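A.B. asks: Chains as they are written, first to last, in my numbering: chain B, 157 to 747; chain S, 165 to 333.
Just so you know, not all the hints are guaranteed correct.
Claimed, not checked - Here are the simulated distance ranges between beta carbons: (1) B:TRP306 <-> S:ARG203: 42 to 52 Å; (2) S:TRP219 <-> B:ALA355: 25 to 35 Å; (3) S:LEU179 <-> B:ALA207: 17 to 27 Å; (4) S:ARG203 <-> B:PHE206: 23 to 33 Å; (5) B:ALA355 <-> S:LEU228: 25 to 35 Å; (6) B:PHE604 <-> S:LEU228: 22 to 32 Å; (7) B:LEU215 <-> S:LEU174: 14 to 24 Å; (8) B:GLU193 <-> S:LEU174: 30 to 40 Å; (9) S:GLU197 <-> B:PRO313: 19 to 29 Å.
In short, the hints are calculated from the structure, not lab data. The model shown is predicted, which means the values in this text are computed figures rather than measured ones. We treat Cβ as the ideally placed atom computed from N, Cα and C, and that holds for glycine.
So you can see what is in the structure, the chains are spelled out below.
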Amino acid sequence: MTIATEKFDDNPCRPRHFKPPPCVAVIPDGPAKQAIEACRTRLLVTGGLFALVFAVVALRVVEIVAVGGGTAESQIARFRIVATPAPSHADIVDRNGNVLAATLDSPSLYANPKQILDAAEATNKLVSVLPTLGAAEVSAKLTSGKSFVWIRRHLTPVEQYSVNQLGIPGLEFEHEERRVYPDGDLTSHVVGYTGIDNAGFAGIERGLDGVLRGRREPLQLSLDLRLQYILHEELQRVIDDFTAKGGAGLIMDVNSGEILAMASLPDFDPNHPIFPDPEHPAVPLVDRMFNRLTLGVYELGSIFKIFTVAMALDYGTSTVTSTYDASHPIRIGRFTISDYHGKHRVLSVPEILMYSSNIGAARMAVAAGAQRQKEFLARLGLLKTPKIEISEVGAPHYPAKWREVNVMTIAFGHGISVTPLSFATAAGALVNGGILRQATLLKLPAGFEPAGQRVISAKTSEQMRKLMRLVVEHGTGAMAAAPGYVVGGKTGTADKVSGRHYAERKLLSSFVGVFPINDPKYLVLTMIDEPHPNKQSHGYATAGWTVAPATSRIIERIAPLLGVWPVDESSPEVQRALMVESLQGKRIEAY
Amino acid sequence: MIKLSSVFWLVLVSLTGFAMFAVKYGVQSLEDELNRAKRATIAEEHAIRADEAEWAYLTRPETLDEMNRRHLSLGPIATKQLRTSVIDIPLRFAAPLVADAPVVSVAGQPPESASLTVPVSTIAPASPEKPAEVMEPAKPAPAKTLAKPAASRRPRSLDELIALVAASR
Numbered sequence: 157m158t159i160a161t162e163k164f165d166d167n168p169c170r171p172r173h174f175k176p177p178p179c180v181a182v183i184p185d186g187p188a189k190q191a192i193e194a195c196r197t198r199l200l201v202t203g204g205l206f207a208l209v210f211a212v213v214a215l216r217v218v219e220i221v222a223v224g225g226g227t228a229e230s231q232i233a234r235f236r237i238v239a240t241p242a243p244s245h246a247d248i249v250d251r252n253g254n255v256l257a258a259t260l261d262s263p264s265l266y267a268n269p270k271q272i273l274d275a276a277e278a279t280n281k282l283v284s285v286l287p288t289l290g291a292a293e294v295s296a297k298l299t300s301g302k303s304f305v306w307i308r309r310h311l312t313p314v315e316q317y318s319v320n321q322l323g324i325p326g327l328e329f330e331h332e333e334r335r336v337y338p339d340g341d342l343t344s345h346v347v348g349y350t351g352i353d354n355a356g357f358a359g360i361e362r363g364l365d366g367v368l369r370g371r372r373e374p375l376q377l378s379l380d381l382r383l384q385y386i387l388h389e390e391l392q393r394v395i396d397d398f399t400a401k402g403g404a405g406l407i408m409d410v411n412s413g414e415i416l417a418m419a420s421l422p423d424f425d426p427n428h429p430i431f432p433d434p435e436h437p438a439v440p441l442v443d444r445m446f447n448r449l450t451l452g453v454y455e456l457g458s459i460f461k462i463f464t465v466a467m468a469l470d471y472g473t474s475t476v477t478s479t480y481d482a483s484h485p486i487r488i489g490r491f492t493i494s495d496y497h498g499k500h501r502v503l504s505v506p507e508i509l510m511y512s513s514n515i516g517a518a519r520m521a522v523a524a525g526a527q528r529q530k531e532f533l534a535r536l537g538l539l540k541t542p543k544i545e546i547s548e549v550g551a552p553h554y555p556a557k558w559r560e561v562n563v564m565t566i567a568f569g570h571g572i573s574v575t576p577l578s579f580a581t582a583a584g585a586l587v588n589g590g591i592l593r594q595a596t597l598l599k600l601p602a603g604f605e606p607a608g609q610r611v612i613s614a615k616t617s618e619q620m621r622k623l624m625r626l627v628v629e630h631g632t633g634a635m636a637a638a639p640g641y642v643v644g645g646k647t648g649t650a651d652k653v654s655g656r657h658y659a660e661r662k663l664l665s666s667f668v669g670v671f672p673i674n675d676p677k678y679l680v681l682t683m684i685d686e687p688h689p690n691k692q693s694h695g696y697a698t699a700g701w702t703v704a705p706a707t708s709r710i711i712e713r714i715a716p717l718l719g720v721w722p723v724d725e726s727s728p729e730v731q732r733a734l735m736v737e738s739l740q741g742k743r744i745e746a747y
Numbered sequence: 165m166i167k168l169s170s171v172f173w174l175v176l177v178s179l180t181g182f183a184m185f186a187v188k189y190g191v192q193s194l195e196d197e198l199n200r201a202k203r204a205t206i207a208e209e210h211a212i213r214a215d216e217a218e219w220a221y222l223t224r225p226e227t228l229d230e231m232n233r234r235h236l237s238l239g240p241i242a243t244k245q246l247r248t249s250v251i252d253i254p255l256r257f258a259a260p261l262v263a264d265a266p267v268v269s270v271a272g273q274p275p276e277s278a279s280l281t282v283p284v285s286t287i288a289p290a291s292p293e294k295p296a297e298v299m300e301p302a303k304p305a306p307a308k309t310l311a312k313p314a315a316s317r318r319p320r321s322l323d324e325l326i327a328l329v330a331a332s333r
């Protein structure tokens, strides 16, 4: 390292063939050496820095490639366009799986006016595909200079498609959902309806909102859409025939408490509940929203006599052969209790029910006493608010002090108001063998009989079935007969309360029918509010002429759907099963 | 030797790098495909929901009733149509259909088939109105209900159609 290079290099005349000795680093001394050292250091530092940067890049590449580069942002960026989430509310279906309420995608259209290039053209195009939009309104929105304006909420798929086809930049869709009720008003009071954010406002939608929210599989109701249609149609027919204010009806499985159909008329379309009914524009919204079966409480009248008779038989204060004097009206306080079509003689218990004698029923109840009557009605659940899956339920009205006059009027269904639902539940218990089961709108497994509570003995229940058969065979409910289906039942025609008095000629006619009464399966309750007599009914608007024939038609139509086989009503087995011993061999007077 | 090993490592590194990227892109495209499939599935699910709702709307009882009135005119099942149970329906060989009656009697019928004892002439004309009564072996229908000749017209209800089919066999 000691060879001095300057010895050759500084010679400009060095011959060409001169070959310098092998190049060896000559470390100069002094300032030159220092300069070279500095150079080398800088080179090293720079190289080191570059290496570091490359190493970082390489490591990053390895991280991205090998480890997956899984930062949250990158994942979100890739998955962002994954489609709309699952619906927020489960569907509602009937017992056969027919959709009653569904949640559908319903995109809403909004615009960013700042991105709209030609507002006039965009307006024209939009109005051409969405004709219900007002051109002036859209134009005002698109020239507003804001960055977000709603154009239209809840588009149909076809509308969304045609808006997309326009290809206007600045129009966007927001994912939204909408509850759709394919059957419209048919199940309105049961299913209910929802508001714009799908919050339940009535019916099952409100009562079971928490269950429907976040549930994936559909909620199955006990309703049968076919029966619902038949009930709805027949009720509407009675209402039209007798120009009534409204009506209501339900069909119930007496052995399980399942409600197979429930209709209250007039009703509403849950798809747009506040719109007026196109067929009856004059009916106020409050009336249409009102569920007469569960929320309405009524003095149901004579159909309550089945409870009076059952009470007297079950407590043993009367027997089937007991007789009560119904020859004269009873005067008590300012009331006079008389019979509508009185026989004016002494009546036996079956006759009291058959001919619907108010006097007889009142005397029967007085014989049993207020204590027993109140206790019995409480046992049947008639003195408390009914429990059901929908939230529209009405509390019963009954006298705080149960005086003798109350005992008498309650015996024939006046002075106590209950919901028709409570009535049907209790009536079901009277005929099904004596077990009270809570009514439900949810489908139960086939053949499952929920635990109930015994309210009357099986023997009393059997007697009640026989007596209710008599009403249809010979009594006030003759027009409810549906040959082959062995209908039993009871009519009820109540005077409506208006203010503090009973209104003249304002009736509430109802009929409870059970079939086949020798082996009770289904109960049909029909009720009509303020019917007016017509020519066919010979001037009557009582239950026997209004709802009883309707019940007959309903039973004849629904029995084949329910798998109830018609029997020969005169066959010895049926006759024996429904025989009332005390009336054997006697001539039964026609009503 | 040094040079050879350098080449070896270089090749190995490039191969590994290449393979890594190839796998990475492969996975990426599979993920994209999966996403597309998921999106398509969800879109289909929504379409199915919409179709189900539409089906429910198109088959609501009101529409079916209206369609029935217009095209089928089917009525509710009357009690008399349900008078017999399945057990009461005779087996095929024991049920002489109207047109077959003479042939069947030649083939040797069990004697309990009471309808065979009825003269052929009383049941011979096809009875489009009351096929069920012809089927009842125990008590043959009165001749007057059967006397209506088969009219060659279009059946107005399913009952008539069934009767016509039964008669033409």
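A.B. asks: Which of the numbered hints are not met once you compare them with the structure shown?
C.D. replies: 1, 4
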